[in-house]
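Peer 1: The lines below spell out each chain.
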Amino acid sequence: MKIQTKLFFLVFLILAIFTVSLILYISIEGNRAVAFFLDEVQDKELIFDKNLELKGKALETLVYDYTYSDDMVNFIATENKTWAEQTINAHLLFKSNTNAIWIYKPDFSPLYSINNLGYNASEEKPLPRGAFNTLFMQKRLCHFFIDTPKGLMEIRGATVHPTSDAEGKTPPQGYFFAGRLWDKDYFRQLSELTKSVISIVSITEELPSVNVQPEYGIITFSKILNGWDNRPLRRLKVWSEYPNIKHFMRISREIFFMLCIFSALILLLLLIFVTRWITIPLRLISDTLKTQDLIYINSMQKDKNEYDEISMLIHKFFKQKAVLVQEIAERKKAEEELRAAYIKLKETKEELIQAEKMQAVGMLASGVAHEVKNPLGIIIQGANYLEKKISPEQEDIFKTVGMIKESVERADNIIHSLLDFSRVTNLNLQPQDINSILENSLILVKQNLEAKQIEVVKETKQDIPKVLVDRNKMEQVFINILLNAIQSIPQKGKIIIRSYDTQLGEVKNGAHGIGDNRFKSGEKVVVVEIEDTGIGIPEENIGKIFDPFFTTKRLGEGLGLGLSICRNIIDMHGGIIEVESQVAKGSKVTITLGIAA
Amino acid sequence: MGEKKKILIIDDEENFTKLVKMNLEAAGKYEVIIENKGMLGFTAAKQFKPDLILLDILMPDMEGSEVASQLNEDIETKNIPIVFLTAIVKEKEVQESGGVIAGHHFVAKPISADRLIEVIERMLISY
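So the protein lines, in turn, are chains A and B. Quick note, in my numbering, the first sequence goes up one by one and the last residue is 597. Quick note, in my numbering, the second sequence goes up one by one and the last residue is 127.
Hints are computed from structural coordinates only; laboratory data are not their basis. Some clues are possibly wrong.
Unchecked claim - Straight line, CA to CA, 30 Å or less: simulated DSS-like cross-link-like pairs of lysine-lysine:
#: 1; chain 1: A; residue 1: K388; chain 2: B; residue 2: K18
#: 2; chain 1: B; residue 1: K18; chain 2: A; residue 2: K389
#: 3; chain 1: A; residue 1: K50; chain 2: A; residue 2: K2
#: 4; chain 1: B; residue 1: K29; chain 2: A; residue 2: K405
#: 5; chain 1: A; residue 1: K388; chain 2: B; residue 2: K21
Because the structure is a prediction, the values reported are computed rather than measured.
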């Protein structure tokens with residue numbers, strides 16, 4: 001994995017840990033807020049209940065006061081309404097903050113009622129007849145709610161007893177109920193007291209007993225208000241808002257959000273600086289090493305950090321490498337030179353051997369020439385003299401003299417060969433048509449060709465470029481090659497003569513790769529090929545055929561200088577002579593000459 | 001038939017000179033005088049005043065070229081045509097150069113009698 005990727009992972013991991021920690025912290029904080037909030041809810045409920053109780057206290061006190069009253073007992077017993085109208089009147093309602101009062105006889109029949117709600121309260125009874133027993137079965141006081149056309153009314157009631165029966169042990173002398181309407185005013189007061197929004201909802205409305213929404217700082221709870229039969233009649237919904245909690249939660253969210261942005265910024269900064277401090281220098285180093293161009297890391301040298309040192313090391317490395325490369329190149333060059341010198345030495349050695357041979361042959365030839373030619377001169381002159389002295393009928397003697405003359409000629413030819421070989425003759429170079437030289441040479445060997453019934457196939461190219469050669473020397477070369485070819489063919493063979501011009505595809509050396517590169521690649525040359533269907537040359541002799549005195553002919557048939565002379569002549573012309581051969585199939589001599597400029 | 005031409009042959013090979021003399025004289029047109037010592041070549045030329053001198057180049061006592069320069073320096077002999085006899089130059093080369101190499105006439109050994117007469121005749125006509 002790339003270091004860059006690893007670094008990214010690391011940064012990412014750190015940020016992830018940071019974020020998770022942050023979320024945990026926020027969550028714990030939130031929980032703490034919620035816990036605190038829940039405490040608040042309990043308090044709120046408690047306070048609310050207390051308020052309700054306090055609110056209802058006046059009503060309860062009124063009920064309590066008028067049910068332990070001998071006057072009340074008396075009034076119910078006598079049904080004299082004077083006392084009731086003087087005591088339990090609108091003034092009392094106002095004073096006790098009550099909206100309605102009902103008084104029942106012990107047989108549950110209504111006796112007296114008053115209200116300030118603007119309708120006949122006697123028609124609006126708080127309880128059906130059968131409810132009394134149930135209500136007061138166990139306790140003296142009761143508390144329930146009823147629906148009135150004006151709204152929900154809180155009712156408190158009690159059994160009436162004489163003051164002598166403080167504990168209410170005696171049978172009820174009557175029943176007393178006081179009601180208070182929970183109107184808008186009441187709710188407003190209650191809301192102000194409890195700092196909540198209070199509303200009455202239907203019992204059918206689903207409401208949890210407590211609902212906490214900390215993020216909004218809202219607490220909602222409900223109280224069930226029961227009817228006389230102890231069955232839920234209405235539900236009281238209390239909705240409180242806590243701005244502090246809301247503020248705290250908002251701040252908390254904001255902090256979280258800010259921290260997220262902060263993390264993102266840190267990540268971004270880390271990425272930028274990781275790229276700037278690590279990735280870019282690494283890439284520059286990599287580019288430098290790839291391209292071997294120091295331009296990439298030049299800027300790094302200015303930095304006073306680790307990369308400055310690395311840059312210096314790379315510079316040093318490249319310098320050392322350059323020195324090494326140069327050293328290697330020099331060593332290679334030296335090796336090449338040494339190899340070339342060795343090859344040259346080898347060639348020179350071979351050339352020296354050749355030259356020494358030639359010199360020896362030359363010295364021998366010029367010495368022999370003089371010493372042999374003089375006696376040959378005598379022999380020929382003698383033979384000439386004898387010829388004239390012989391009478392025509394002395395045929396045998398005549399033939400003998402002829403043989404003497406022929407032998408002198410042959411001996412003379414051999415000496416000429418030796419002289420030819422040894423002498424450095426100045427060439428008479430003229431632009432010549434190689435085909436015409438070939439034609440001339442063929443005429444000179446015509447007899448030899450006919451004697452062996454050899455067919456000559458000419459595949460010479462017409463309008464061939466001229467070559468700068470010594471006509472006689474070239475003729476000598478072709479005659480030599482043709483005579484060799486003729487000699488190699490036992491009887492009835494074929495000699496193919498080709499000539500053409502071409503452009504060399506590669507550098508060409510002298511015979512057997514010895515000598516300087518005679519022809520450059522792409523140089524235009526004229527090529528002459530003389531191919532025969534003769535006996536061929538065994539492979540072991542191919543390398544030796546150009547050596548002076550190498551011959552496969554029988555003793556007396558040749559001196560072994562022919563091809564050697566040919567090579568000398570071609571060498572002098574700056575050309576190349578090559579021989580290819582296959583035993584029993586034939587040989588091919590190829591001569592390559594430069595075109596006359 | 002006119003007067004026989006006098007040919008002086010200066011060559012150290014006695015047998016060669018004898019046979020050349022025999023062959024030339026057999027042709028009937030020449031009187032041949034032999035001198036086998038190079039050193040005596042000039043004297044012989046002064047004495048016999050030949051029409052043509054056949055002069056060998058390589059001789060043990062004096063080289064043909066030296067004899068030729070002696071002959072060239074003397075008023076009496078300087079106009080006598082000289083044909084050098086050489087065993088070094090090839091007959092073919094001599095022929096190719098028209099028998100003249102570096103201003104001198106040459107014949108190469110071995111040379112047949114007929115060929116020699118041919119050269120002598122050509123020289124005598126041109127001089």
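Peer 1: Does each hint fit the structure? Answer for all of them.
Peer 2: Taking the hints in turn, this is what the structure says about them:
1. K388/A / K18/B: 16 Å, holds
2. K18/B / K389/A: 16 Å, holds
3. K50/A / K2/A: 70 Å, violated
4. K29/B / K405/A: Holds: K29/B and K405/A sit about 24 Å apart, inside 30 Å.
5. K388/A / K21/B: 14 Å, holds
In terms of the numbered hints stated before, the structure departs from hint 3 and from no other.
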